[in-house]
Amino acid sequence: MRRGGILWHGFAGLVLLFMLTPLFILVLFCFSRNALLSFPIAGFTLDWFRKLFEHPQFWPSLRNSLIITVTVGVVSTVAGTMAALATARLRRAWSISLTLLVTLPVMLPPLMLGVALLSYFASIGMRLGLPTVIMSHLVFTQPFVVAIVAARMASFDHAAVESARDLGASRLRAFFNVTLPIIRPSVIGAALIAMALSLDDFVVTLFTIGGGSTLPIFMWGMLRKGVDPTINVIAVLLMLLSIGISLVGLRATRYRG
Amino acid sequence: MGSRIEMGAPRAGRTAAVRAASPLVLLAGVGKSYGAMTAVEPLDLAVGHGEFLAILGPSGCGKTTLLKMIGGFLAPSTGTIRIGGADVTRLGPERRPTNMVFQGYGLFPHMTVAQNVAYGLRLQKRPAGEVAERVAEALRLGALEGFDARPVTALSGGQQQRVAVARALVMRPKVLLLDEPLAALDLKLRKAMQEELRRIHRSIGGTFIFVTHDQEEAMGLASRIVVMERGCIVQDGTPEEIYAEPKTRFVSGFIGEANMLPGRRERGLVRVNGSLCFPDPGPDGPITLMLRPEAARVATGESPVVGIDSLALRGQVRDIVFLGAVTRYAIAIEGGTLLHVTDSDSELRRRLEVGVPVTVHWPQRSHRVIAEA
Ligand SMILES: Nc1ncnc2c1ncn2[C@@H]1O[C@H](COP(=O)(O)OP(=O)(O)O)[C@@H](O)[C@H]1O
Ligand SMILES: [Mg+2]
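Here the protein sequences line up with chains A and B, keeping their order. Its first residue numbered 1, the first sequence is counted upward by one per residue in the working numbering. Its first residue numbered 1, the second sequence is counted upward by one per residue in the working numbering.
Each hint should be verified, as a subset may be incorrect.
For lysine to any residue, the following SDA-like pairs were computed, each having C-alpha atoms within a straight-line distance of at most 20 Å [claimed, not checked]: (1) B/LYS191 to B/SER156; (2) B/LYS125 to A/ARG173; (3) B/LYS247 to B/GLY263; (4) B/LYS125 to B/ARG172; (5) B/LYS125 to A/ALA147; (6) B/LYS125 to A/LEU197; (7) B/LYS125 to A/LEU172.
Since the hints were made in silico from the structure, they are not lab data.
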């Protein structure tokens with residue numbers, strides 16, 4: 001029993017090490033003087049940060065990424081939650097088929113989705129830019145929101161909402177006073193997943209952005225010119241951004257009481 | 001003496017005639033269909049001020065549907081609903097003078113006990129002082145003093161139930177609707193909550209309508225019972241009336257225990273089980289003789305003394321079950337049918353054992369002959 005316990009913990013430790021080492025090395029090389037990603041570390045420097053921040057494409061890319069991520073997060077959460085609430089009222093068979101239909105885009109490989117969206121925007125004569133990227137991101141983030149919120153609604157106690165109505169609340173008020181507070185943790189979780197997916201999407205963005213750039217695209221562009229530690233810095237920034245989103249979300253979801 | 005909570009209705013104790021003249025709740029031809037499925041057949045129902053009405057029926061007979069139509073959660077397919085004289089058929093639940101305690105209670109899990117109870121008053125934008133006062137009263141009525149600040153998720157089933165009742169009563173509804181109020185509680189708590197609900201009903205003198213599939217609950221709580229079967233009202237009366245004079249075979253089987261013996265009536269003469277024959281006026285045709293287990297007696301010996309207007313059947317004891325206050329005997333009568341008889345006589349219990357030949361007898365007035373449709 002005890003031996004098994006030690007083995008088990010050891011194994012878990014190894015897995016953790018395997019997963020975290022690349023991230024650790026990534027952070028390490030951000031501060032290393034070496035121009036190549038190699039050991040031993042020659043010394044500490046902040047040059048790579050300076051180089052990145054001085055890059056003419058960096059700030060526009062960051063700005064685009066933030067605009068896209070936040071917009072996609074808000075829109076897909078609101079629309080996806082509304083869709084999930086609507087399907088929750090339908091009969092079971094209907095709600096399942098509708099959810100499947102909405103979830104379909106997720107099953108497509110991103111490459112196909114990118115091509116399909118590009119030809120769609122071309123066919124309706126829409127100019128590529130941030131709006132087309134945002135719409136495209138909605139296509140594959142919204143299904144996650146719908147699925148997460150719909151899963152929560154499956155075990156939802158509708159009597160609580162009916163009670164609120166009974167006590168004098170309008171539909172809208174009952175929604176804000178009762179439904180939303182009860183499902184809030186799921187909604188915020190869904191928003192985070194949508195934002196994480198949007199922030200790090202490369203393929204679909206590349207097809208639908210036209211001339212502009214986002215952080216992943218900027219990174220890709222730099223990679224093509226040769227690997228340089230600045231890449232690590234962007235990667236770490238993206239990582240911090242993701243962790244930040246998650247932390248904010250975790251705080252917000254903490255259930256009172 | 002007790003609470004100052006009152007419902008928007010005069011106190012109980014009016015005569016039946018006055019009640020009939022001005023019912024508080026009046027359903028006329030109210031029915032509900034879901035596509036081809038009819039959940040409630042068009043029916044009429046009048047509920048008077050101060051009544052404690054049970055709508056009793058097996059699961060799926062349309063009780064919840066009926067209650068939700070009264071509360072405004074479902075629009076009836078046909079008919080009109082009046083409460084206190086006003087037509088409320090088209091009004092939503094927030095605009096009806098009713099409040100409902102849902103099956104499963106529907107408490108707000110993200111609020112405390114006091115916040116739950118205060119919710120309706122807050123919506124009405126009542127002054128803070130009045131809200132606090134009425135909430136405190138309602139909590140006292142529900143025996144929930146000291147629980148104000150508890151999250152409702154940290155309460156037992158019985159306490160949650162009382163919060164739900166307090167949250168509805170604080171609104172001073174003309175009619176309180178309860179859907180299977182005690183179904184989720186265990187047996188002991190159920191008995192205790194029955195007493196609580198009766199106490200609350202007495203102390204505010206309001207009008208309560210509740211639905212249940214549990215006949216004991218209906219008998220124990222209600223001053224009047226409406227029995228439903230497959231979307232129809234099959235009988236309407238006091239618990240005593242329904243127990244003593246069930247109109248149909250379904251009602252007699254559903255309310256309390258009953259022995260059922262098939263038979264026929266021809267020219268005013270009823271024949272049951274081959275050997276039994278007695279006069280009973282009524283139309284010719286198949287009948288069911290309904291006999292309550294406690295209405296019959298068991299006698300031993302060759303020629304037992306049986307009353308002049310009594311009926312008797314010979315049989316043999318098949319099973320004896322001691323139930324505490326009474327003992328239940330299963331007796332196989334001629335033809336093999338089992339009759340159940342309960343008796344509290346311990347002397348009799350000592351004399352009887354499985355296999356003993358006995359006579360089951362009962363006075364004619366204590367059975368019922370129900371004509372089969
Ligand atoms: N939304 C609905 N759609 C279709 N049928 C329903 C719906 N709600 C209830 N029913 C049917 O109506 C009948 C009565 O339901 P209900 O009033 O809930 O019964 P009870 O409360 O007596 O158990 C049941 O057969 C049920 O399946
Ligand atoms: Mg029901």
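Review point. Which numbered hints turn out to be false for this structure?
Key: Violated hints (numbers, rising): 5 and 6; every other hint is consistent with the structure.
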